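> Using the sequences and the accompanying hints, generate a full structural model.
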Amino acid sequence: MRTTVLGFIALIAVTVAFVIGCGGGVSSDVSVAFKPSSLEEIPIIIPGKKKILATGATGTLRGRIVFDGNRITLAPIVTTDKIKDTERNVCKAASIPNETLVVEKGGDGIANVFVYLAKAPKKFKLPEVDSAPVSFDNKNCRFEPHAVFVRNGQPLNITNSDTIAHNTHTYPVRNRGISEVINFDLEAETNLGLTVVYNKSEKMPFRVKCDFHTWMEGYQLTLDHPFAAVTKADGSFEIKGLPVGKHNLVIWQERAGYIDDKYPVTIEEGDDNNIKVEVGPAKFAWFNGPEPKTILISSTTSLQNTTSGGE
Amino acid sequence: MLATDKNFYDLKKVHVVFAISTFALMAVTVWMFAADHNDEWREHQSVMNRINAAQTELTILEAEAAPIVGRSYSERVSNLVDGKSYSDAVDLVQKAIAAEEIALGDQEQELQPLRDKLATAERAFDLASREARITRAERDVAAANHGLGVRDKVGKELLAGLLARLDDWKQKVAKIELDVETNQRDVNAAKKALGKKTAARDELQAELKMLQADIDLMHGSLNQIAPDGLLMSLKHKVMEWPIVDGFNSHHRLANDWLPDLKVTLGMATTARYDRCRSCHVGIDNVLAGNKPAYPFGKADSDDINEWVKQNKFPHPYATHPNPDLFLTAASPHPRGTFGCTICHDGDGSGTSFQNAEHGPNSPYQHEVWKDDHNYHPNHHWELPMLPKRLQEATCLKCHHQVDELGINPKFGNSAPNLYEGYQLIQSYGCFGCHEIRGFDGDKSIGPDLRLEPDYTALTTQFLNDPWFKKLADRSEPFVAPVKRMTIEEILAASVAVRNNPAETADEQQALRAAIDAELKSLAHAVAANPEEAVTKRNRLMALSAADKLFSNSLIEEQPRLSAGSHALAGELKNVDHPGRYRKVGPSLRHIAAKTSGAWIEFWTEEPKRFRKKTRMPQFFKLTNQQDAHAKKFMPVELAGISHYLGTKSQPIDLEQPAAKYVPDPVRGQQAFAEKGCLACHQHDKFPKAIATFGPNLTKEHLKIASVTTLQGKVKRGEETVNIETINPDSPGFKWLYTWILDPERYHARTKMPNLFVDETVTADNDPAADIAAFLLMGGMGEYKSAQVGNEALDELILTYLKKALPIEDAENTLKTGKYPIAKEKIKGDEIELAGDGDWHSRKLSYVGRRTISQYGCYGCHDIPGFERARPIGTTLQDWGRKDPHKLAPEHIHEWLAHHGEPDGSSTHHRVADLFKRGRSGEFQTRQAEDAALSSVYFYDSLIHHGRDGFLWQKLRQPRSYDYEKTEIKGYDERLRMPKFPLNEDEIEKIATFVLGLVADPPAEEYLYAPTGDRIQGEQLLQKYNCVGCHMIDLPEITFGADLDSLPFFTELDPSTYADAFEHLLKVKHPQDADTGQKLPTGETVIRFKGLKLTDPFADEDPEDQFYTFNSWENLKIGDRLITMENPKLEVYVQNLLSIKPARGGAYAEWMVNASQSGGTPDPALRDKTWQAAPPPLYQEGIKVQTPWLYRFLREPYRIRHTTRLRMPRFNMSPEEARTLANYFAAVDGAPYPYQQVPERDPAYLAAKNQTYGSMWPADSSYLNESWQLLNTSGTKGLCVKCHAVGGREFKSTGAKDEVRGPNLDRVADRLRPDWTLLWISNPKWIAPYTGMARIFNPKQKLLENRFEGNGRLQTIGARDALMNYHRLFEQIGKTPDPLPKAKADAKTQPDNNSGE
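Chains as they are written, first to last, in this note's numbering: chain A, 1 to 311; chain B, 10001 to 11396.
Please keep in mind that the hints were generated in silico from the structure rather than gathered at the bench.
A couple of the hints might just be wrong.
What the hints assert, rightly or not - Subject to a maximum C-alpha distance of 27 Å in a straight line, what follows is the list of computed DSSO-like cross-link-like pairs (lysine-lysine):
#	chain 1	residue 1	chain 2	residue 2
1	B	LYS10084	B	LYS10209
2	A	LYS119	B	LYS11092
3	A	LYS139	B	LYS11341
4	B	LYS10685	B	LYS10613
5	A	LYS276	A	LYS262
6	B	LYS10298	B	LYS10235
7	B	LYS11296	A	LYS139
8	A	LYS139	B	LYS11276
9	B	LYS10699	B	LYS10979
10	B	LYS11128	A	LYS203
11	B	LYS10784	B	LYS10803
12	B	LYS11276	A	LYS92
Said to hold, decoys possible - To list a few chain B residues with every Cβ distance to chain A over 12 Å, as calculated:
#	residue
13	SER10074
14	VAL10090
15	GLY10147
16	ALA10193
17	MET10232
18	GLU10306
19	HIS10376
20	SER10427
21	ASP10440
22	ALA10533
23	LYS10660
24	THR11038
25	PHE11106
26	PRO11127
27	PRO11161
28	SER11292
Keep in mind it's a predicted model, so treat the numbers as computed, not measured.
Note that beta-carbon positions come from the ideal geometry of N, C-alpha and C, so glycine has one too.
Below is the structure:
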């Protein structure tokens, strides 16, 4: 019913626009506001305004999220000697790193930061969903990649490269979570993994855990549009095909939460849209425990200490 | 005087007088008839008639206007009528018929011969049929004649003639019947021929009839109620005339005769005869689906048509509310069986408003009734109808167990006021003073609320016998018995010793020791567990007798045990129908270990001064204690109480933490929250955790005496900090520490459970000590004992003593300090005065004891010396029928006129004001008016000497009946009832309950005696506050759903096994989620049980805000399913109708909510907190095996290692544990008490071996393979990741917050096989928050060498191995570790109870 009404309004709008348009560039303030009922392309010409075509001009946003402060090293979550004897050989890394904040080696880029549009841009035809699966592997008793973005409808392939059992337990808010033991100890060719497809947009990235190895933690984000990226090791990211105009970005990091939930950017046609977001150490200081503690961040206090409060 | 013809009167005048009087008599007779006929009920029945007529008319109009849809007509008619209104449809069909008629008219030439043919055939058929009938009659005559001939033996020849005649007629009949058949065929053929031509019209006509059938029927019934025709309506009217109406009139009295439901009137008991339906005509009329035919309501107009239009009907035309529960045949109270007055009281045979003895709900309603019905209350009728506000009271006549009224799976809380009154009485412990005896002999007469026999106190006191003390005081333990003797042996030996005093002293000593030892151990056993100790109690009594017997021998002159103990032993006897309630207050037996005398005085004087919401009532400073006498004596009484309790307090062994342990109040605060204290207690540090089962502990430290502080160092995280804390050596600390560790040590009948805090004590973490420190920080408050002067003390004692002694003796006693009677011979409180010792102390003890006796403190508290005391108050079991003349309102009228309010103002004025406001229509709703006028009602009742009013004032101001009476009463004769902290609403609810106590049960078949364990289970859930921690039932969410947007089950996810899914639907049968209701906007109202996962995001647009829920049920909507496969439901804020809170589990919810305090939802943390919280017991019945649950309730052990607290041990009797275990199975309809485990049957296992034998080597077997699967370890290990299995301990992964599952060795006894299979198939189908993963699914191939990697077979195999665990463990033995233990692990591998 609602669709019909909206369709009807759209039709009138188009007709009015057409008639006026035929009038030979008569400028008018006529504008019709409505919500699209679907994401399908609805070509609209509003006289006197810039023509917006859904498949029209887009730009690519590039940027970096950088750490602005003194660097510190976080201690491993679990050291090898503590890991169960049967599994020590599998969890090969020297120790299990603390990945809650990963800053570029020799640089200042912050990895694993999610940068995305909270909602799909209106009146814009979204590109088709990529059918190529996104990979999410259990490897060396950690998740690889640590943070991943997948679009609704796009397959997410969860695999296990270790020779021990892992349980991949996801905690989405809207989507159906899973808690499954993932194949292990199979040849790579036969180990096809478990494919998960999300179908609802999440508001923010959600946690993924392994109940067998509780230090294992990763993050996934799923959205109904493709405008999201996870920063690479150097803190850089790239979002292609953004419609030109103003947008608000959500910048989210697991330790900091929202670095910004409305970071404004204006996209212009082409590749020349760059941003750089600097994040100070205070954003990453958190604690859990019965009472707040004073947090000191200075050149002499390591960040590591600030995280142990109340434990 | 001579008689003459002369008349003394003027005859003409006489005629006139006669004529006038004749007419007058005539008029009076007519008037009498008219008056007699002018019953209210006739008028009501007339109105009801008009209502019915109006309703039928409206229904006809609606039916005629309604479009015709979905009826099965021929295609042609459907095309014509579908979607049309009735009248249009009829019109159209009639037109179609007319068209057909015209068409037929055109074929007249063809039709006429056919019609003629049919007419001819019919004529022939008629003729033949008639002839056939005559011929058959002739044949029958012939047959009869032949029969008579045989009977009369008429001779062979004549008989042959008769037979021939019969044969002749038979042949004729055969012939004519053949004719009839032929003619019938002709008729049919002719009809068919004609019908072929007229088929279309005929069908239309038939369908027109169908179309009209319903409406015609309605017209028919309308004609019955309100005839249309002149003649019929006249007849209808005439049938209402006097005398004529005796002949089957539609106006008639309705009678419900209830011969088995007797009513006692005066001294006579007679059957009930309820005529209420004569006026309440529509009271039991319901429509399909048990919907009231005449819903009660106030329409805007007096016009009947308006009532019908608005579907709101006033009394007496309305239908009874809640037809599911009352009056209808399908309800538990069908009208024909129960009538009306059994529930409503009043006079069932009365046929007028007045005679029915209606009861107004408020004086205001009284006024209205007076105006409308000329109503006045009839004091002479014993059972006036209860006002609506107290209506539920009568439920108690039949519902003696009460709980089923409050908690009922089908009807919910059907008597909320009564049930709350019942709960209030239970929580305030009214039965401590007022016995509510539910039995008269063996007959149940009402609710039974009595204290349990105080065996614990008796035996505890027994153990306190001076003789045992003497034994304990000796430096060496008393002589151990040479051998343990049976009671029979002891008795026999005692007799032998008596009969033969020449026995050696050694043997006598041994016997003595045997008796002593046995006495003591029995006393301990009985004290610890009185419910189980029937035999032990009997033995104790017997031994006590043996002690006496023994002493009668020549060895000793006096029995060893004191006379008091012997008397106590006599009280240990079994009681028929023992009471079930524990005393509601704490035990005061060891109170000196806990607090100081000054605090006791301070507290007792005015409890709510210390704790605002305490349930302890106030005994002092009440309205009858405002005079000089009282002011002088009250401090003496208070000092006496505290002195008595202090001096009689018995010693108790107290625990203390390890030496040098420094308790940390900060850690204690956390432990206080995590160990479950908040499930029952409140503390201001946790403002969001609301629990009222136990007291608020914020001020606990203010009452614990002898607490000192010290400076110490504690470790918090990595840091070591200096703190000030409580000295663990201080006596007050030790008391609290012991109480937390072992509550039963202080009070054997306490409801405080054993939390097993001691299990988690380590050298540097003792949660009990930390909690004690947390609660004690701040130290004790300062309280001053009253200075009691000798003068006041002596004066009070003299008042008492004058009742026990001659005045002279009494005065002498005070002078000399010597009581004139020997201690052994004193039965009363004066025993405290006798004996030696400090006279002042004795005097104080006496006053204390006397005061305790007087106020009945022992009704709620266990107090030494009062083990045998009886309740002091009046019994309540028949108070609801108490003769109001026996109540003494005294000067209450004056009191209320001038005082009566807490601020001293006049209650009369308040009530009068409320009354006025009621009259002026100030209260918008009926409910608001009822609530506001509650006190008006009761006040009015009190002024008219009603029971309800008396009770109301007694609970409001219990001592106010002493107004202006204290001057003429002795100090100890004043009223003693304390004032409870009740508000007027609560008082009304308690009154509802008490007024229902009438001890007048109907015939036994009317008593509702629910069998099974549900009701008693419910009582226990409340008694032990199981619902404080556990959700017994999940929240119920109701919302309006656009069905297209619901996540219906469409196809099975390829990662789920089809038969696992079928198993899911079998174990958790889909629940009907469709309420059958729709919102005005068209959404379907859906209902399901589940947990809320997230709240709406505040920063989203209002229309985009939604909640997410996990349904814990499979849902059915129509024939579509929403299953646990797809468990999340999003409910938009605007569509959410209600979330009915969970039943119980407030503590668990508090924990979970506390974890989500960050503002943004953290589902991972939420799930983890649920894993750490007390689990919901939703559908527990299908999960656990009942015998296991019984054992677990008696002796709980740690199952989960993820929980922060463990199941405590409650002070529960075996019977209670059994009931509770059965309860859970009963609720879920699971079989109990015993469960089959078919997976252990040889046949089952053999079949598995046969079917799948090829999957494993010849030397293996099904169970062996399953066992290996379960026990696979090393890198391929699955179960071992989290569980202890196969004799191996759980191994830590090294992570701090690892998930440790329950030990698997207990599954076989604990879980039901079907549930277990479902759990392994997909744990989230059962508990969406669980940390247990789904192991086997078709998309994965794990452990290919077992069951060829078939995950479904592996799932079933794992379950079967678990069910056969013990057998397999015995056969196969402990599973060895695959790798040698690393050295490093040997020392760092703790048995990590996560979270502890």
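> None of the hints should be skipped; say for each whether it holds.
Going through the hints against the structure:
Distance restraint check for LYS10084/B and LYS10209/B: the Cα-Cα separation of roughly 17 Å lies within the 27 Å cut-off, and the hinted pair is therefore satisfied. In summary, the hint linking LYS119/A to LYS11092/B is supported, as the alpha carbons are separated by about 25 Å, within the 27 Å threshold. Restraint check for LYS139/A and LYS11341/B: the C-alpha separation of about 18 Å stays at or below 27 Å, so the hint holds. Taking the CA atoms of LYS10685/B and LYS10613/B, the gap is about 17 Å. The hint holds against a cut of 27 Å.
For the suggested pair LYS276/A and LYS262/A, the alpha carbons sit about 15 Å apart, so the restraint of at most 27 Å is met. In summary, the hint linking LYS10298/B to LYS10235/B is not supported, as the alpha carbons are separated by about 34 Å, beyond the 27 Å threshold. With a C-alpha separation of about 21 Å, the suggested pair LYS11296/B and LYS139/A falls inside the 27 Å cut-off, and the hint holds. Our distance criterion of 27 Å between C-alpha atoms is met by LYS139/A and LYS11276/B, whose separation comes to about 16 Å.
Our distance criterion of 27 Å between C-alpha atoms is met by LYS10699/B and LYS10979/B, whose separation comes to about 23 Å. The hinted pair formed by LYS11128/B and LYS203/A meets the criterion: a straight-line CA distance of about 16 Å does not exceed 27 Å. Straight-line distance between C-alpha atoms of LYS10784/B and LYS10803/B comes to about 32 Å, which puts the hinted pair past the 27 Å bound. Note on LYS11276/B and LYS92/A: the hinted pairing holds, with a Cα-Cα distance of about 17 Å set against a maximum of 27 Å.
With a least beta-carbon separation of about 34 Å from chain A, SER10074/B lies farther than 12 Å from that chain, consistent with its non-interface assignment. With 12 Å as the threshold on Cβ separation, the claim that VAL10090/B sits away from chain A holds: the shortest Cβ distance comes to roughly 33 Å. No beta-carbon of chain A comes within 12 Å of the beta-carbon of GLY10147/B; the shortest separation is about 84 Å. Every Cβ of chain A is farther than 12 Å from the Cβ of ALA10193/B; the closest lies at roughly 56 Å, confirming the non-interface assignment.
Consistency note on MET10232/B: stated as away from chain A, and its beta-carbon is indeed over 12 Å from all of that chain's, at 51 Å minimum. No beta-carbon of chain A comes within 12 Å of the beta-carbon of GLU10306/B; the shortest separation is about 35 Å. With a least CB separation of 62 Å from chain A, HIS10376/B remains clear of the 12 Å interface cut-off, as annotated. With a minimum CB-CB distance of about 33 Å to chain A, SER10427/B clears the 12 Å threshold, and the non-interface call stands.
Its beta-carbon lying about 58 Å from the closest one in chain A, ASP10440/B satisfies the requirement of being farther than 12 Å from that chain. At roughly 45 Å, the least C-beta separation between ALA10533/B and chain A is larger than 12 Å, which holds for a residue marked as non-interface. Every Cβ of chain A is farther than 12 Å from the Cβ of LYS10660/B; the closest lies at roughly 25 Å, confirming the non-interface assignment. For THR11038/B, the condition that its CB be more than 12 Å from all CB atoms of chain A holds, with the nearest at approximately 21 Å.
Not every C-beta of chain A lies more than 12 Å from that of PHE11106/B, the closest at about 9 Å, which undercuts listing it as non-interface. The beta carbon of PRO11127/B sits about 7 Å from the closest Cβ of chain A, which is not more than 12 Å, so the claim that it is off the interface is violated. The Cβ of PRO11161/B sits about 6 Å from the closest Cβ of chain A, inside the 12 Å cut-off, so the non-interface label is violated. With a least CB separation of 7 Å from chain A, SER11292/B falls inside the 12 Å interface cut-off, contrary to its annotation.
In summary, the numbered hints that this structure violates are 6, 11, 25, 26, 27 and 28.
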